[in-house]
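K.L.:
What follows is each chain in one-letter form.
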Amino acid sequence: MKDIIVSMENISKSFPGVKALDNVKFELCSGEVMALLGENGAGKSTLMKILSGVYTRDGGRLEIFGKEYGDLTPKQAQEAGVAIIHQELNMCKHLSVAENMFLGRELSGRFALDNAGMEAKAREVLDDLKIDIDPRQTVGDLPVSKQQMVEIAKALSINARILIMDEPTSALTAREIEDLFRIIHKLKDDGCGIVYISHRLEELQHIVDRVTIMRDGQYITSMDFAGTPMDQIITHMVGREIKEKFPRVECEKGKKVFEVKNLNAGRMVRDINFSVYEGEIVGFAGLMGAGRTETTRAIFGADPKESGEIYVDGKEVKIHCPMDAIRNGVVLAPEDRKKDGLCTKLSIRHNLALPNLDMLCNKLGAVSSKKESELCGKAVKNLKIKTPNVEIDSGNLSGGNQQKVVVGKWLARDSRVVIFDEPTRGIDVGAKVEIYNLMNELKQQGIAVMFVSSEMPEVMGIADRIVVMCDGRITGEVMARETTQSEILTLATSFEDKNINSR
Amino acid sequence: MNSNRQSLWKRIMGVRGMGAALTAFVGLVIIYIAFGLINPTVFSGQNILNLLRSMSKYLLIGIAQSYVLITGNIDLSIGTQVGMSAMISATLMTSGISPAVAILVALISCLAVGVINGYLVGKFKLPPFIATLGTMFVTRGIAYMVNGNRNTDAISTGVGKEVADQFQNFFYYGSTLGVYNTFWIAMVVFVIFFFFLSKTRSGRHIYAIGSNIDAAKLSGVNVVMTTTKAYLVSSVCSCIVGLILCAQAGMGNMEAGNMYEMYGVAAGVIGGVSPLGGTGILLGTLAGAAVWQTLENGLNMIGAQVGIQRLVIGIIVVTAVLLDVVVRNGEFGKKKKKQS
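Quick note, the sequences are listed as chains S and L, same order. Quick note on this note's numbering: the first sequence kicks off at 9 and runs consecutively. Quick note on this note's numbering: the second sequence kicks off at 4 and runs consecutively.
Since the hints were derived computationally from the structure, they do not count as laboratory data. On a predicted model such as this, the values are computed, not experimentally measured, just so you know. From the three backbone atoms N, C-alpha and C, an ideal C-beta is built for every residue, glycine too. Any given hint could turn out to be false.
[To be verified] Quick list of the computed label-pair ranges, beta carbon to beta carbon:
(1) S:G117 - L:F132: 35 to 43 angstroms
(2) L:Q312 - S:N272: 46 to 54 angstroms
(3) S:C351 - L:D217: 20 to 28 angstroms
Just need the whole structure built from these sequences, with the hints factored in.
P.N.:
Okay, structure coming up:
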């Protein structure tokens with residue numbers, strides 16, 4: 009006997025400039041595991057944040073256990089039995105397991121907290137789940153997988169009946185995933201409803217009963233998982249044809265400019281091999297957390313590498329820090345403009361000059377404002393940065409123009425390799441095209457362009473060759489014009505076989 | 004028997020922050036014996052009594068700052084609240100108002116500052132450094148203004164010699180069971196706030212918001228109330244220190260408590276309270292205050308000058324935190340990595 013425990017209809021939610029959810033519906037029954045699938049930015053997390061009261065919806069109906077809710081607060085959601093296991097774990101790492109589990113609803117005697125009581129109760133819940141953790145242990149000392157178990161135990165100890173798990177396996181090993189699945193099966197048998205968000209399609213078969221698919225903030229379909237071929241699910245996830253136009257430029261492929269051999273740097277960068285030729289743009293596709301940003305940072309020397317060789321124009325270069333990379337003509341326009349790309353509180357002029365001060369100084373080591381102005385003038389003109397003058401704070405520019413400043417910093421130097429990490433994130437369509445054109449210009453000048461993007465249509469539209477990464481490894485390389493979105497998505501989700509045993 | 008003892012030891016060491024606190028105590032013993040070997044007067048009964056009394060002030064200041072540090076914030080207005088408390092109580096007493104009323108008014112004034120600090124930081128999300136910098140200047144201004152920009156006369160001119168003596172003995176000069184009252188006052192305050200921090204719901208919440216404010220909020224912790232409570236504890240302790248200074252001098256000094264907020268940081272940090280929030284116990288603060296006073300006292304006894312004293316304190320504070328970083332390679336050293 010399965011009852012509908014969550015019913016959401018016509019849910020809409022807008023953020024400034026973006027319609028995150030558009031008339032979405034969602035349904036969850038007791039005793040089932042519902043996979044919520046979709047590409048990055050499809051609106052899965054937003055929908056679940058509405059269900060757990062973190063965001064308030066703009067419109068639509070929301071029923072939990074048959075009771076309708078207006079504006080749901082996190083506390084109300086908790087009382088209704090909804091618990092979310094966050095992607096980035098949300099625990100007080102200085103406190104103990106029991107303290108975290110009872111945070112905000114501590115048991116107390118007449119004067120003092122009832123620590124023994126809380127520990128006993130915590131132990132009960134943990135034992136019930138067959139999790140071997142001492143409730144007195146400090147959470148920060150536990151491995152991530154155990155911390156996650158504690159979050160689940162915490163949710164259950166407040167009688168959560170609806171558990172939302174956002175990418176719960178991303179940081180777990182095969183054994184730990186087995187443990188997690190065992191717990192999920194147990195919760196299911198106890199009649200809880202579980203929403204399971206994951207990009208690892210291959211692991212769904214072990215636990216999932218139904219799937220709901222979203223795309224671009226819209227509800228696409230839901231269906232039983234058993235009997236549905238994976239291809240069909242992927243087709244639903246990808247859905248759209250490439251509509252936007254991408255200005256591709258044809259170039260003669262020249263000699264090899266840039267090559268990376270056997271690059272290793274932690275778990276997210278494992279044995280990376282690729283090369284870029286004159287006159288081509290190499291796209292890097294993959295899901296969020298696939299290790300692409302880590303790869304770019306390791307190449308640029310921003311993070312330490314364990315091993316690997318890097319060649320520019322056939323000569324091996326040693327890169328230990330960003331300074332080395334810049335000297336050798338390898339530059340990076342990082343993913344997070346505001347955090348890594350710009351000094352937002354400095355003027356455009358100062359930002360453009362920052363990595364080029366060595367070229368702008370006169371013999372006394374003072375910055376020549378004449379040379380600086382020349383450089384800025386050139387950058388503004390070449391990149392068409394829309395600004396009244398170069399003295400205004402770069403943080404006040406629009407996203408697209410900020411991106412141009414980030415790129416402009418590097419163009420004054422004779423760079424051989426330009427790495428773009430998500431250059432079009434959060435900027436409008438017009439500015440995107442200008443960034444594409446800029447990349448094309450570089451390509452025509454024979455500069456190797458490495459283009460990391462999570463938006464598949466633009467990688468396919470702009471890049472000539474696409475390298476696909478998944479979980480820190482390169483899982484495939486395809487020619488942009490011969491491939492399909494499904495092929496890339498399949499490569500992007502081909503996780504290593506972790507030998508998960510179902511029960 | 005043996006295993007029993009072992010498990011007790013294990014339980015003690017299982018308390019978070021105990022390691023750092025005990026390390027500070029060990030340091031204390033070493034420093035004390037070292038000075039005593041150079042100058043045996045350090046071991047004399049009278050010196051121990053003096054030491055306990057002067058330590059008490061720094062313990063109270065340390066408690067004040069530790070509470071706020073554990074929430075991940077800082078209180079720069081501690082020293083000026085001390086001054087305000089001393090000036091308000093002294094001014095009232097010189098005009099003949101009874102000490103009880105004077106104490107009450109001083110306390111209420113400090114609590115008001117605590118509430119303002121708590122709301123500025125907890126509710127309006129001002130950076131604590133700025134918010135309490137503001138209240139620091141305001142409270143020092145008030146300390147100047149209450150008696151018309153000058154120090155007060157002796158309090159005995161207002162309330163009479165007998166009452167003044169009573170007040171001064173209660174807070175500073177008198178003894179109970181052979182130890183100065185100041186020490187007992189500090190101990191009572193210490194026990195109460197030790198209990199409050201380690202055994203009550205509010206105390207737990209203070210650790211929680213210092214550790215991960217978002218997680219605490221999502222667990223239903225009232226961040227504004229909890230922040231305010233920490234600042235209120237800070238204000239209560241500051242007020243008491245103000246009264247002690249007033250009793251010690253027998254008058255109000257406008258500059259009383261200058262720099263005390265920093266001494267509070269030092270006492271806390273030496274005892275293992277993290278300036279980043281979430282960790283530390285008051286036992287550590289006790290050890291920290293004791294280390295500080297033993298150093299000052301010992302350096303005095305061996306004839307070192309004020310300059311040397313300051314210099315040594317500075318080195319000790321940095322070394323204490325450095326040890327923490329090196330030993331645990333904890334939160335100072337680590338940088339969070341971003342995912343793509």
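K.L.:
Each hint should be assessed against the structure and marked as holding or not.
P.N.:
Hints and how they fare:
1. With their beta carbons about 38 angstroms apart, G117 (chain S) and F132 (chain L) fall inside the hinted range of 35 to 43 angstroms.
2. A beta carbon spacing of about 52 angstroms between Q312 (chain L) and N272 (chain S) agrees with the range 46 to 54 angstroms that was offered as a hint.
3. In this structure the hint that C351 (chain S) and D217 (chain L) lie 20 to 28 angstroms apart at CB holds, the actual value being about 27 angstroms.
The structure shown violates none of the earlier numbered hints.
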